[in-house]
Amino acid sequence: MMLARVAKDKAAGGIMFTLTLLSMVLVVVMGVGLYLKSAPVLAEYSLGDLLLSSSWKPMRGEFGFLPFVMGTIWVTVIAIAMAVPVSLLTAIYLTEYARPAIRKYVFPALDILAALPSVIYGVWGTLLIVPFISERLAPRFVEFSTGYTMLAGGIVLGVMILPLLVSLFIELITSVPGELREASISLGATRWQTTKKVVVRNVFPGLMAAVVLAVSRALGETIAVLMVCGNLPEIPRSIFDACYPIPALIANNYGEMLSLPRYEAALMFAALLLFIVVLLFNLISRVILYRIEKTFF
Amino acid sequence: MKLKFAEEKFFKILMIGATMTVLAFVVSIIYSILSKGWGAMSWDMIFKLPGGGFYIGKEGGFLNAIAGSLYIVGASAALGLLVSIPVVFYLNIYLKRRSRLAYVARIAYDVLFGIPSIVYGAFGFTIMIYFGLKTSLLGGIIVITLLIIPIFIRSMDEVARQLPREIIDASYSLGATRLETIRVALRQIAPGIATATLLSVGRAIGDAAGVMFTAGYTDSIPTSLSQPAATLPLAVFFQLSSPIKEVQDRAYAAALVLTIIVLLLSILGRYITNRFSKHKLK
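Line order of the protein sequences matches chains S and F.
Be aware that the first sequence starts at 1, since it is given in our numbering, and climbs by one per residue.
Be aware that the second sequence starts at 1, since it is given in our numbering, and climbs by one per residue.
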């Protein structure tokens with residue numbers, strides 16, 4: 001009887017270990033799978049050609065990813081530049097200043113923002129942001145803009161990463177021990193001085209890691225950005241130009257590429273590129289965040 | 001001297017402004033989806049399949065997409081739970097707190113969680129080609145299962161990590177094995193697991209990029225795993241790109257249905273945590 005229990009315990013442990021290992025290995029399998037699929041295009045063109053050429057003519061076998069890389073980078077930069085200050089200020093307000101009653105209203109709102117699917121953000125973008133840019137904002141700076149622009153992509157993406165950033169920031173800020181704040185206040189510092197010089201300074205590496213994590217989320221966002229950014233395979237010259245980020249490229253061309261093996265390999269290369277960048281960004285930021293968690297708890 | 005008080009005021013106003021901005025975005029998104037979607041909404045939309053000429057504005061609804069989404073997410077959630085629950089308990093009960101494997105595993109799941117769904121879609125598509133599958137319900141289920149497992153594990157692990165060490169020790173001290181201790185632990189974190197499940201399902205049902213090439217799109221409700229399946233996010237996406245106003249309106253109606261489903265899951269999730277935590281030791 002005793003033995004049966006122990007044997008059951010061991011057997012269950014074995015099964016659980018296998019499941020754990022298998023699900024972890026998915027990362028590796030994914031990387032290898034995407035690499036094998038993109039191998040034909042990697043064998044034929046050098047990495048430099050693929051990434052630095054801007055001529056995208058898949059039917060003629062020219063695969064220059066530069067417009068897409070630039071589109072991705074710019075949209076992400078706009079999103080981060082807008083989202084980081086807003087979410088940092090919001091997080092500080094909610095943790096250091098706001099009364100519990102205020103938190104009770106803001107937290108569910110953030111939950112809603114986090115729960116909404118990306119296609120909903122896309123619909124919202126086409127309903128509000130795109131017309132706003134083409135009718136109000138763009139005419140002041142350029143002659144004509146459809147509104148389906150890099151800026152629209154950046155704004156929609158910025159709003160999408162707000163809840164992630166706010167929740168990461170709040171977690172970091174609350175991990176700073178209260179004694180540090182009290183010590184600072186008792187020396188005559190104002191609340192903002194305490195926040196700036198004690199709280200934020202203490203978790204600064206963590207804040208950076210959180211931003212990196214948000215960047216990696218922004219890089220892979222597909223549908224919402226695809227719906228508002230115009231999708232023209234040219235290097236954008238201003239924020240009122242259309243752009244074409246990598247995820248949108250993959251999503252838009254999947255159906256038609258099957259007939260051309262090299263085209264498929266090129267799109268798989270795009271997915272591989274995205275995979276590697278996101279993987280690295282995630283690894284770096286998670287390791288930093290785990291370190292911080294250890295020092296405070 | 002008084003500069004620091006001026007600074008304090010300035011930043012406080014800035015912070016309140018930032019918080020208001022966030023709230024304004026939430027209100028604006030919900031309002032625009034509600035107001036646009038409500039006008040196009042009718043019972044036909046929810047309970048009818050697309051009729052002939054649906055995509056040029058004739059009658060019908062998007063029941064196909066609602067059913068497809070529910071099929072895919074239901075099956076994926078069931079399969080995903082089969083994998084994730086054992087993994088979560090393995091990490092938290094079988095492995096020691098400072099286990100190297102647990103650390104590496106958590107980072108691996110974090111990374112998997114961070115990988116964009118379009119990459120899951122592309123990867124899932126290569127698997128399907130490898131096994132000779134066409135775009136189908138099965139393909140969608142495979143990709144969404146892969147996508148949902150890290151979300152499940154990550155959110156449940158967060159809950160399981162808050163298990164009081166004392167409870168586990170008490171169970172061991174009574175002679176229970178680790179497997180038996182899981183039963184004790186389960187009682188503690190069951191509401192948390194339910195909440196994590198609902199929130200993760202909410203994320204999976206709204207995912208469009210993953211099912212785009214794997215589940216395909218069709219006007220009928222799939223009756224077998226090898227038939228393609230429509231999904232709600234794609235119904236929104238495709239219909240919105242139509243130039244015809246009636247079809248676009250249906251995209252808004254579909255967006256409203258999707259939003260309501262996701263918000264209901266979210267609210268239900270929070271409700272469970274608040275309501276059913278009586279077994280929980282603080």
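The reader is advised that the hints may include incorrect statements.
[What the hints assert, rightly or not] Simulated pairs of lysine-lysine, DSSO-like, Cα-Cα distance not exceeding 30 Å:
#	chain 1	residue 1	chain 2	residue 2
1	S	Lys196	F	Lys96
2	S	Lys294	S	Lys196
3	F	Lys48	S	Lys104
4	S	Lys294	F	Lys96
5	S	Lys104	S	Lys197
6	S	Lys196	F	Lys36
7	F	Lys2	F	Lys245
8	F	Lys58	F	Lys245
9	F	Lys134	S	Lys57
Derived from the structure by calculation, the hints contain no laboratory data.
- Those earlier numbered hints the structure runs against, lowest number first: The structure breaks hints 1, 3, 6, 7; every other hint is satisfied.
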